[in-house]
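According to the working numbering, numbering within the sequence shown proceeds without interruption in unit steps and concludes at 81.
Calculated from the structure, these hints are not laboratory results. Owing to the predicted nature of the structure, the values given are computational and were not obtained by experimental measurement. The beta-carbon is built from N, C-alpha and C at its ideal position, and this holds for glycine as well. Any given hint could turn out to be false.
Said to hold, decoys possible - Have a look at the derived ranges for each label pair, beta carbon to beta carbon:
hint, residue 1, residue 2, range
1, 52, 80, 26 to 32 Å
2, 56, 23, 14 to 20 Å
3, 78, 45, 14 to 20 Å
4, 79, 21, 17 to 23 Å
5, 52, 79, 25 to 31 Å
6, 45, 77, 26 to 32 Å
7, 24, 60, 24 to 30 Å
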Amino acid sequence: MISKTKLTDAMQTPLKNLSREEFGNLFYKLFEEEKICKKRCLSPEKVAISFGCSADELDRRLEDTTGLTLDMIMMLYRSQR
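Produce the entire structure from the sequences given, and follow the hints as far as they go.
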């Protein structure tokens, strides 16, 4: 049986910032390869699944790296079109 403290400690471990390569790969995938940002009805959860993580984890890593969440990035992209 897993104790609650171990479970909450594991959930609160800080995520590392995205490396330059990971950041580049993410943006390539968002804007070019799959054109995720052009798909208006795509949820952050579905986007995160394509990156192999949860939406919260992707948002935290993006925000730690850029100061922006996935929703903010997608809104900025759409506002420029």
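Cβ separation of residue 45 and residue 77, checked against the hinted range 26 to 32 Å: Since the Cβ atoms of residue 45 and residue 77 sit about 18 Å apart, the hinted range of 26 to 32 Å is violated.
Range hint compliance [Cβ, residue 52 to residue 79, 25 to 31 Å]: With Cβ atoms ~28 Å apart, the hint holds.
Okay, residue 56 versus residue 23 on CB: inside 14 to 20 Å? Between residue 56 and residue 23, where Cβ atoms are some 18 Å apart, the hint holds.
Using the Cβ atoms, figure out if residue 78 sits within 14 to 20 Å of residue 45. This hint holds: roughly 18 Å between Cβ atoms.
Could one say that the CB atoms of residue 79 and residue 21 fall in the range 17 to 23 Å? violated (28 Å)
Take the C-beta atom of residue 52 and the C-beta atom of residue 80, compute their distance, and say whether it sits inside 26 to 32 Å. For residue 80 against residue 52, whose Cβ atoms are near 28 Å apart, the range 26 to 32 Å holds.
Just to be sure I understand the hint, the distance between the Cβ atoms of residue 24 and residue 60 should be within 24 to 30 Å; is that true here? violated (19 Å)
Going down the numbered hints, you'll see the structure goes against 4, 6 and 7, while the others check out.
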